[in-house]
Structures are given as C-alpha cells and as structure tokens.
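Here's the letter readout for the chains.
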Amino acid sequence: MKTDGRHVWLLLPALLILGAFFVYPLFGILLRSVYKNGYTLESYRQVVRTAVYLTVLGKTFEMAALVTVSALLLGYPLAYVLATVRPRLARLLVVIVVLPFLTSIIVRTYAWMVLLGSNGVVNQYLVALGLTTAPLKLLYNRAGVVVGMTYVLLPFMVLTLASVMRGIDPALVRAAHSLGASRWEAFRRVFLPLSAPGIAGGTLLVFILSLGFFITPALMGGPSDIMIAMLIEREVEFTLNWSFASTLAVILLAVTLVGFAVYYRVMRLERLFEGLG
Amino acid sequence: MAAPEGVRAGAEVRLQGLTKLFGPVVAVRDVSMTVPAGSFFTLLGPSGSGKTTTLMMIAGFVHPTHGVIAIDGSDVAALPPQKRDLGMVFQSYAVFPHLTVAKNVAFPLEIRHVPAAERRHRVGEALELVRLRGYEQRLPRQLSGGEQQRVALARALVFRPRVLLMDEPLGALDKKLRAHMQLELKAIQRQLHVTVIYVTHDQDEALTMSDRVAVMRDGRTEQIGAPAELYESPVSRFVADFVGDSNFVDAVVVSASADGRAVVRAEGGLELRGTARAPLQPGQRVVAAVRPEKIVAHEPLGADLNRCKGVVQQVVYAGDATRYSVAVGAAGTLIVKLQNRLASRPLAPGDLVALAWDPGDTRVFSHED
Amino acid sequence: MIGAEGQRTGPGTIALVAMAVVVLAFLIAPVVIIVLVSFSGADYLSFPPPQLSLRWYSRFFGTSVWRQSIVVSAQVATLTMVFATVLGLAASLALVRGRFRGKGAVYALLLSPMIVPTIITAIALYFFFARLKATGSILAMALGHTVLALPVVVIIITATLQGFDLRFELAALSLGASRLTALRRVTLPLIAPGVVSAALFAFLTSFDELLIPLFLAGVEVQTLTVRIWNSLLLEVDPTIAAVSSFLIAVTCVVLGASAMLRRRTD
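Those protein sequences? They're chains X, D and V, same order as listed.
Taken in order, the first sequence gives residues 22 to 298; the numbers are from the numbering used here.
Taken in order, the second sequence gives residues 10 to 378; the numbers are from the numbering used here.
Taken in order, the third sequence gives residues 848 to 1113; the numbers are from the numbering used here.
Simulated from the structure, these hints should not be mistaken for laboratory data.
Every residue, glycine too, gets a C-beta built ideally from N, C-alpha and C.
There may be inaccurate statements among the hints.
What follows is a set of in silico ranges between Cβ atoms, one per label pair, in the way DEER data are often shown [stated by the list, open to error]: (1) G1065(V) with F48(X): 32 to 42 Å; (2) V1100(V) with S184(X): 22 to 32 Å; (3) H122(D) with I861(V): 25 to 35 Å.
Chain X extracted, bound-state conformation (with noise of 0.2 Å):
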C-alpha cells in the first residue's frame, strides 16, 4: 500500500491529544499500581488474598450477571417486536429506546431514585392501591441496583439484539412454516438460533459494561452491595491510597479488555474496519 504522507499530518493532533490525555495517564496508572516504595507488586497480592476485596470482585461479577439477566429477559422482546414491525413504527420505536440513552446517567438514576424510594411513586402507588401496608424496600439494596443499572443499559441489549434480528430473513421463517412448523416451533427451531449471534454480543457487551459501573451502585445500593469501582473511588477519595485505587483499576482493566477482545470475536468486528479500505 503507497503511503500517503499528507493525510498522516492530520492524525497527528487527535493522537497527541489522546496520547497525553488519556494512554499517558493510564500508563500512570499502571506505574502506581506497581509502585509502592519501589517496585512491587505487593498491592496485586494484597487483592488476592484479602477476602474483602475477593468478595467486592465476586459481587461485582454477580450484580453484572444479573444485570445481563434481566436485561435480555425484558430485551428480547422488545428488540423482536422492533425487528418485525412496519419501518416507520420501527424508527418511532427506537427513538423511545434512545432517547432515555442518551440522557445522563445521573439523571437515569436520580429517576429511579424518585420512583424506588419509601415516599417515592411506586409505593405511592402500592400502599395506595392496597396491594402491600407498608412501603416496600425497593432502594438501597440489591433490587434498586439491579433495576436501575438494567435500565442504563438496556439500550444496548435492545440494539444489539435487533440489529442481528433484522439481518434474519423473514423467507427463512415463512419456509418454517409451510413446512408444518406452528409459530412456537418456527420461532424456537429457526428465528431463536438464528438470533444467538445477537444473543452473545448482547450479552457480553452488557455484561463488560456492567463491571465497570460507578454512579447507579453507589446511589441505589446498600452498605453490602459494592462494586469494584466504587472500591476505587473509596481508595481515591477516602483512603487517599492512590496505589491501591491503580491496582484494582488495572484488575478492572485488564477484565474489561478480556471481555471486549471475546465480544470482538464473538461479533467479528473486524467487519467494522474494513470498511475504511
């Protein structure tokens, strides 16, 4: 391939700017993690054999399973019926499912915040229909974490699953069914296997992206419900033990980067780059 000098010039400011900004900075971090009055990688065995932080990485890893739960239960749906309808309800259909997306996420959560709380709407509405007395404990626990954080990121379950969903022809689906197949069989022996690929890329993303979660845990869970991330803060802010806060970022990080090389596979995105010739 001839190189085209000139076009490199214009690389050059986006990469400085990432360069110091961001690959720079996360070296720094790597550095910290392993500088401890010297060299050492005394902070990664501390992680490991201190049950505490075992024990914030297993709930961190069950939250993000639960999360991805729940998210393709109540996506899966969705995404079908935003699959199959007629185009233009498809486009009004995704608006809805962009628009709370794109909003921030303070915002997301502050709104679950209103609805989950004692006073707030839902239990309103339970006391006040009679369906329980007391208010129900829905905030500052597991469930107000899990809802929320399945609200945050059922957007991308949704999309995921949808954009596979509609690349399946509906040909394959109508031969289904000439052949004898009653809607459940045509659904569960040629749409639902066709649909894995979708299935897979969701649900790691979601996963991978759940890991990682700061503002939703730590306004929505209770005492016992950490997170790895609200860890590092802990560390940053508090503890003010800025080696330690690297050490459990470079955890994350390298847990992070694990994920997303598998869902690149999984999605063979590589697709993604060959558009640019």
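Take the given structure of chain X and dock chains D and V to it, following the hints.
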C-alpha cells in the same frame, strides 16, 4: 394424468373469484381457475400481474379479500399456512443457514414427529430424488445456488405434500442450469404425481414445463389453457405478445363473417385474411398478428395465402435461425424468422423479398382485447 | 412475525406485544415522571403532582450556585465540542482518505476511550492533573471530555465520509478547482450535516458526563452533573428534578437538531 395404483395423486386446487386489495391497490382481481390433480400448472405473467400474490394466497401467507380457495374440495381459508400441508419452494430458496442439508430436509418430518429411523430413510430418498446424496452434512453456505435450490425442493417434497408451490425458483440460475433444472423438475413431478403450481415470468419456461398455463396481467387471468393453445390461439394481443413473439399490423376491417373470419386492410392498402375470437364490424379498427416463424420468404403456391412484398432492413443471426426485419411499406415492419438449413438461402439487407403466410396463422384482435 | 398476514393474532402474539409495551413504558416512564415531578407544586416528590408550579425551576435558576454550574457545564461542553470536532474531523479524513499501514490500529486507538471504564479514565486524569495542580480547571475537564467524545465524533464523521461520493470532489478538480477549494466548496458543505451532528453529540457527551468532572472538580468549579451528585448525597430535593428536566431538555434539543439536519440532507 392419473396416478398408477398405490400412488397417492396430487390434490386438485380450485380458485373462485379470488381477489386481493392492498389498500386501494387491486393486486388480484376475481381470479378463478381449476388446477387438475397431478398436473403441472403455471401462473405466467409480467411483474405486477398478481401471480405471486395469488400463489401466496394459496399458501396462506396472504389473506384473500374475497374468494374461495379449495384444495380437494375443502375450503382452506380458515387454515394458517402451517396447517395446509402444502410444499413450497421460495424464490430465495429460504434454506435454513444454521442447519445442515440433512437437518434442513428432515425439518418437516421432525415437526410431524416422524420417528428417527424413518426420518433418515425418507431424507435419503428425498436427497436421492434431487441428486444430492452425499451432501447430508454440508451447510447451506457451502452450497451453490443450484444446490441450495435442490435442498429446498427435497425439503418441500419429503413430507409428500399433495400440492407443491413454486415461486420463480429458477430465476437466479444461469441459462444452462435453468434448462437442466426445468427437465428435472418436470421429471420429478411426473414421478411423484404431485400437483405443481409454478409461478414465472419466463414464457419459455412456462411453455416447456406446463400441462396448463394461466396468463395473468394486472391481477386478472387473460387466458388459461395448454401451452399449444396459448401459443397457437392467443385470445388477446397481450397474450400474443407475451407468449412468444408476434408481429402486429394495425388495420381496419373490410369484411367479416359470423364465424370470426375477417378480411382487414392495413395502411398502404395491404389486405390480410385472419380469424378473430368474436365477429367484427366493417370499419372496426383492429390489429392483425402473425408469428415470425410462420412467415416464409420464398413464393409458395396457394390461392388463399397472405402475401406482401418488402425490403430486408436488418439481419440478426441467432444460431439456429436468422431474424430478418422486413419493411413492408406503409404497413410497417415484419420480423421474419427463418431456420438456417439446407433449403434456405440467406438474405442480405437491401434484398427484395416476397413474404407469405397462412391466414390460419393470422389472428385479428379488436382494440378491446 | 408481528402483523404478518396469514397468521392469527393468537395469545402468543398478544403476550409478546404486551411485554414489549411494558418494557417501552419502563424505558420512557422514568424520564417522563421526572419532568412531571419537576413541575410539582407540592413540597415532596409526589406523582402525579397535586398542582403544577414553576417553583423548583425558579429555585434552580434563582440559586447562584446552580446558575454557576450551568455556566461551567456549558463552557466545558463548548470547549469539548470544538476540540473533539476539529481533532475528530482531521483524524476521520486521514482514516478514510489516507493510505497507510496500521489503519486498523489507529482506528482502534481512537475508539479505545469507549471501552475503558470511565471510572478508570477519570482517576487517571485526576492523578495526572492533580500532580500539575490543575484540578478545578475548565480546560482540564474539557480535555478529559474531549478524550471521551473523540470516539463518537470519529464514528459519525467516518460514516459520513464513507457515504460521501468522492466523485463530487473529482468533478470539482476536473473543472479546475484546486484541492483546497474543492475541499472547501464541495466536500465540506456536503459533509457539514454529519460534522455538525458529530459536534452536537460531542457537546452532549460532555454536558452529560459526571465521573470526569467529579474527580476534576474544584470547590467552586462544579458542572451541573457534579452538583446534582453532591446534592443527592445530602437530600433528595425536588429542585434536582428541575435540574434533571433541564438536562433532558438539552438532550432533546440536541437530538432534534441532529434529526432535522439529517432530514434536510435526505
């Protein structure tokens, strides 16, 4: 075409007054026809003629606005596609990409809870029928278009449907393969005695394969009959033009008899004899049609022939025959198709020729046809 | 399939559509409820509001610290918009037009801020700027947001450029225009809607961001989102609903402007 002893014949399909409206658009207009059991029946027409919509209504994927669809006498309107027990081959083949060839063909048998051993046997039979033995473990993406086509066919036949519906199945294949598949399909149909309803816009295909053809235009059936009937006795200008080639000469009726025979005069005074479907009136504006291969360029003896003289304009060599465009004065241009063989001498542009053809090969259409 | 002819609307279809509607409601309801609550005349968060009032908005716009935060957010977002768009446009041009090895790697690098959890980027920047004693600086926040917005800008503009038919530019060149003139008078006007769209999304990305300005905030210098965060930890005040509605409104304006731009070019 009766089935031999012990073989279940295909079903008879009857359409009555079938109509489909998509909002204000009338896609199919009052279509009625009877597809005899075990026959190869083709719906032929240009795009937009309603042939595919009609097929889809028979299959159950489109709801008729009015009309009756009866298979072996029973009205199927209430049945969804999965309960009609019809085999269907789609234009895009619709072979399941996530299943092997064997699993694709076994699909309808699994749905019908056919036990595994019998399934394997019948899948083998079906693949044998379409000459794909040995392809069982391949995936559709490893197959060529023609092979996928045959998988779709095997899959549609494996559960022994009484009617097989085919929507332009050979459209994506190259010419040689298409010709080959046409023969294979016809042979399979004869062997199984299944009723086939076939949709195509290719009139060659329709003529070669069908027992009967329904020519459709703008949602209506123009003519239903055996291929020979359609070719030799088209009832309208459209059919004469769509099925095979025709020359059309504008003319005015000079005289007409009650049995449809007429004498017409074209521009420039050329007088032609021909037959019309209905009696005509003198002075009526008509179109006289004759097929290129019915015209000869030597001077045969015979009192009643249509004759005219002309000048060769263009020569198009087509391998087995040569097409000549002959200007015949004010009446226009006639295309003459002559076989390239021993007795014929080739003509060149500028040559003067005397053309002649049988009035029996001349159809006269009024402007309403 | 939904609405496919020939299939009865059975219980399965109804359940499916019902489920989808429930999820849609789940998605849109919180946003709608917050906006409605912000107009509540009551002292507490009740829904539906017993009476409508603008008091929380007047509290919001009337309090100097909130107003200050709007200014901070706007300044940071504007700077981000400019930086990210200029850098992103240049980079996208290089990626789509240029011919060099390692394009995939460069593209991956430009998109990498999207896959790094924001908390990590935030503390990395915090450590970086803290050492330079530059926390609490609008510029620092803008630079951090630029890093975050760059991927979005690059994705949008590369897509626009790939959809742009190079032949227009070649036609201009064949008519005698210089490379720069062709770029200025043919290419840029045609890709302008995509660029403006990218700029708007860069603005929005910055305006909505919480984690980076949280760590880089100074006592006086807090973005709107950071101030919401700090207020939340103290009390759940309906004023925040008004602030939230304001943020939602900004999102809607950006989306609307972007959609209008796209429609104009279609």
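Results of checking the hints against the structure:
| no. | hint | in the structure |
| --- | --- | --- |
| 1 | G1065(V) with F48(X): 32 to 42 Å | violated, 25 Å |
| 2 | V1100(V) with S184(X): 22 to 32 Å | holds, 27 Å |
| 3 | H122(D) with I861(V): 25 to 35 Å | holds, 28 Å |
When held up to the earlier numbered hints, the structure conflicts with hint 1 and nothing else.
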